[in-house]
Amino acid sequence: DPETAPNYGGAVETIVNNLGNVTLLDTPAGESVLIGHIGGLTVTRYPNNVLISGSLPKYLYGNNIARLDRRGTAAAIEKLCDELHTDITTAKVTALEFGAVFTLARPIREYYARFGNVPQMIRYIEVPGETIYYRTKGREFAKQLAFYDKSKESAAAGVEAPPGLTNLLRYEMRLNKRLPQMLQEREVTARKLYNNTVYTKIMSKYKDNYFAIPKARTTWGSPCRNRRKCTIFRSSRPAPAGPSPARRSR
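Numbering (our numbering), first residue to last: 2 to 251.
A portion of the hints provided could be inaccurate.
[What the hints assert, rightly or not] With a cut-off of at most 25 Å between alpha-carbon atoms, the simulated SDA-like pairs for lysine to any residue come out as follows:
1) K93 - I214
2) K138 - F116
3) K93 - N210
4) K144 - N210
5) K138 - I214
6) K193 - F116
7) K202 - R218
8) K93 - F116
Hints in this document: simulated from the structure, not taken from any laboratory.
Just so we're clear, the structure is a prediction, and the values are computed from it rather than from any experiment.
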């Protein structure tokens with residue numbers, strides 16, 4: 002927030018000086034917007050704020066197949082502070098994607114066929130047998146649940162999956178609006194992403210949204226209806242976490 006942050010102009014200049022592939026664009030409103038990159042993250046400088054967007058696991062590990070836990074989240078943000086030479090731990094988080102990759106016992110399309118409709122959400126399929134989405138109704142598009150075939154997505158991007166891992170399902174919860182209200186926090190900052198209480202809230206919401214999806218009875222297992230029966234969380238295992246990050250010093 003440029004109105005309250007001390008030495009805001011100096012911090013922005015420091016950030017910009019540590020970016021690569023910088024381009025400057027003029028908007029129709031006559032404003033100049035600078036776009037740069039660092040480690041796969043995109044940094045956009047607007048006249049009144051700076052936006053950092055991208056995947057933290059890709060930034061830290063080089064891919065988002067490896068699971069980014071709370072410790073890894075802290076390491077990624079610490080690394081970003083180091084590389085930008087700026088403390089961003091108090092930066093406000095305005096949108097959040099939280100996800101994991103699961104290795105399933107059966108082909109992914111067999112699970113998709115049993116996912117039902119969710120009240121107050123729109124279910125739609127982008128690629129049959131590969132992707133399925135749920136999003137909140139209305140214009141705000143505040144929440145989206147995304148399920149997609151991570152093996153095919155990685156192959157299309159030229160990234161090899163770890164040996165021995167097949168039927169990789171990526172489930173993401175995307176919170177695009179009103180993040181503080183959704184997490185019942187006064188505000189959500191970068192440092193809160195690895196706070197134990199907030200991280201637990203995010204994980205609980207991630208699971209609750211999955212279990213809110215009705216599951217049809219299968220012919221090869223128990224009904225996929227609740228936490229105690231057949232679910233992707235019990236019929237699968239998360240992809241392994243990334244390597245334990247070394248502690249960085251500043």
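Straight-line Cα separation of K138 and F116 no greater than 25 Å?
holds (18 Å)
Within a Cα-Cα threshold of 25 Å, do K202 and R218 meet the stated pairing?
violated (29 Å)
Proposed proximity, I214 with K93 (alpha carbon, max 25 Å):
violated (30 Å)
Has the given pair, K144 with N210, been kept, meaning a C-alpha gap of at most 25 Å?
Since the Cα atoms of K144 and N210 sit roughly 10 Å apart, the hinted pair holds (cutoff 25 Å).
Run the distance test for K193 versus F116: straight-line Cα separation, threshold 25 Å.
It is violated: about 33 Å lies between the C-alpha atoms, which goes past 25 Å.
Are the Cα atoms of K93 and F116 separated by 25 Å or less?
violated (34 Å)
Taking only the CA atoms, is the gap from K138 to I214 under or equal to 25 Å?
holds (15 Å)
When you check the alpha-carbon spacing of K93 and N210, does it fall within 25 Å?
Holds. K93 to N210 sits at ~24 Å (cutoff 25 Å).
The structure does not agree with the numbered hints 1, 6, 7 and 8 stated previously, though it agrees with the rest.
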